[in-house]
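Participant: The lines below spell out each chain.
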Amino acid sequence: MEKSKISAIVLTIIIISVIITTGSEFKSMQEEIAIYPSDGLTEKKQLSDYFEGLKDTPGDTEVYVFEGEEEGGSTLILGGTHPNEPASNLTTIMLVENLQVDKGRVFVITESNKSAFTHNDPQEGSPHGYHIETNSGERYFKYGSRATNPIHQWPDPDVYIHSSGQKLSGSETRNLNRAYPGRKDGTLTEKIAFGITNLINEEKIDVTIDLHEASPEYPVINALVTHEKSSDIASMTIIELQFQGIQMSLEASPKNLHGLSHRELGDFTDTYAMLMETANPSQGRLRGATTEKLIVEGKDKIYEKAGEAGFLFVEFDENGHPISERVARHTTGINEMINSFNMFNMGNEIIVKGIPDYEDILKNGIGSYLQ
Amino acid sequence: MEKELLYFIVMVGVFFIGCFGLKWQVSISMFAAALSGLLISGNGFNLRHLVEGAFGYIDTILIIGSAMIFMKAIQHAGTLETFKYYVIKKFINSPRIILLAMTFIVMFPGMITGSATAAVLSTGGLIAPVLITMGIPMVETATIIAMAGMLGMLAPPVNVPVMIIGGGVDMPYSGFGLPLLVLAVPLAIFSSLYLGNRFLKNVNKEELKKELEKMKIHDIKVFIPILVLVTLMISTKAFPKHIPDLGLPLIFILSSITALFVGKEKNVHRIIKEALRDALPVLGILVGVGMFIQVMTLTGVRGYIVVQSLSLPVIFRYMVLAVSLPLFGAISSYGAASVLGVPFLLAFISKNQIITASAISLIASLGDMMPPTALAGIFAAKVVGLDNYKEVLKKSFVPAMAFVLYGIIFIYFADTFASILL
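If you read the protein sequences in the order shown, they are chains A and B. Residue numbering for the first sequence is 1 to 371, as defined by the working numbering. Residue numbering for the second sequence is 1 to 422, as defined by the working numbering.
FYI, nobody ran anything at the bench for these hints, they're computed from the structure. One should not assume that every hint holds.
[Stated by the list, open to error] Here are the computed distance ranges between Cβ atoms for each label pair:
1) B:W24 <-> A:L362: 44 to 54 Å
2) A:L362 <-> B:H242: 49 to 59 Å
3) B:P371 <-> A:Y140: 40 to 50 Å
4) B:E2 <-> A:E202: 48 to 58 Å
5) A:I14 <-> B:G13: 17 to 27 Å
6) A:I13 <-> B:K273: 18 to 28 Å
7) A:I9 <-> B:L276: 17 to 27 Å
The beta-carbon is built from N, C-alpha and C at its ideal position, and this holds for glycine as well.
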């Protein structure tokens, strides 16, 4: 046989082996992670219940509903919009596994962009997931991408033109938090946004809380971003958090930046739209080695150096920003937003229990509040 | 020594040994360097990271592959020859106008798509025979095309590096039109005249006329593929609500198909084979570079380099910006905009952010001339028929310095420029 043909056969065999090995590893990210809801759960719905166009698509996702015996207000908590911001997803899982509602209704989505949990961003070197020790043993959670899986939505245009006419780089077309209020005949990501907007309208959601994380070098960090309609609730939340020693800045939603939940959900629905950011070293450009340990413990020597040089918008010392601290911030923020809503809406309150407080999560670790 | 520095030295060392010592191809050397980074950092032979990193350039690879097919298709259809004939015949008495007009023709697809490669491989190929026939040597012609391609990527309405930087700091892409135009146009005029003007002083018009008579002219219909290409590029941007974005690869392929109908060459297999033969080395480099970046990020080398670049005293910051952005752009100019452009913009946060981001994108665009990827440089060399692009890189030194200097002046006086332009 010719030498070139032998080379071709050998190379083909190697390529097929690489495809099978890495392909099966890639596909393993599509496996669902088990969540163990508390007995306060009253109903488990799907986002496609609010928008038929999502049925049997990778964008359909679970909506956990907790309804109190007494009628009251309602809130929607969005986790996992960006699966590379793990405290967002983990906070909502912890809520689903602990929440009890006495009055009003709480809707929780743990994987707002489910498709984005099924892959990682190329060239980011991210782990597929991370482990947390809980009372019942070690549990695994996914660490995904900022954007919808290109297997589900591809190709990206050169320029993403939002329905408002705003132009962004093409890859943002798969970013759920640039797709609001969504389009029923749009891309998969726009359909997910449309489904969430429909949910808010149909369920008459009073308060929408979108949980995010940001890299330590990003200016809007440890912050609460609010639509102008919800500025009273947000201001009261910040004051209450500061009383507890939790530093959180208040940022107004820019009117000229479109597609974000705090802007569009406030503009296109009657909800009070707010978004919270914590400091996540595993997603920044300045980080050191990208490991599970970095995700969970949040310690990084290179970020420490960047902090010393004054390049960060959050303090960064040898203790870093562990995921327990970030979940604690989100959890306490949610609690205070609900309390602040209640202050301005007497008679239409949302009364919840089972949410651990900031100090408890820090002291016991997030694993203590996962089943 | 910090471990990230050690990993970086090993990876770069393996690359150089492979490339220059063992004479491996750049792509294979990049793969070996990425593998060495995985092994030395204790990540083992982790195939997943190599494959995932390589996929970072899948869209770029498709654009290059399809643009190259388009290039070959219009070449076989006779579009290039016919274009050359009409341009020279019409403007034989105004060679400088030809030079500047050709420069802006190259820039145009870059302005619409935000891709220097698309510009070089579409209209770059179209104008190359014109400039060469006018007496501009191949190396200078290639350099003019490469520079124009990068300035097309910079110029409005679409500047992807600015969009990427803006995405990192939540800055909307608005208000950039005039600053980007003021950055791109003077540099385009300077680069082209600096590289080509001296060859136009002694144009022998009589000889040119004789050459025109010898040329084989095709029917005007050979311009249909160009018309289809430009129409598709513009219409999807102009009417986004009515015409879906087809994506550059599909636009190039559809335009190539029209070339089959208007030209004599119908052998699709031959066209594709020729195109891929020319494109394959660069596509291989992109795959290798993707693996290299993934391992750099995984091991913390990327963060280490960024922080080291930013940590120098403020007085050196402009110098570091001028050097590190194009150097990192050697991996990808979009990557440089994302990884270094965002932190640099934040480092200059007291200055006007629109002007600063525009100027950073100008300096980052130079990455498309830097080896090993050097997409603009390599493909410009290819469209004029050069095997090696090293001479193009050398010729680009002065215009590249002008890019950097102009960019730095823009950043330094950002607030003054803002008061005039915004």
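Participant: Find the hints from earlier in the document that the structure breaks and name them by number, from lowest to highest.
Facilitator: none
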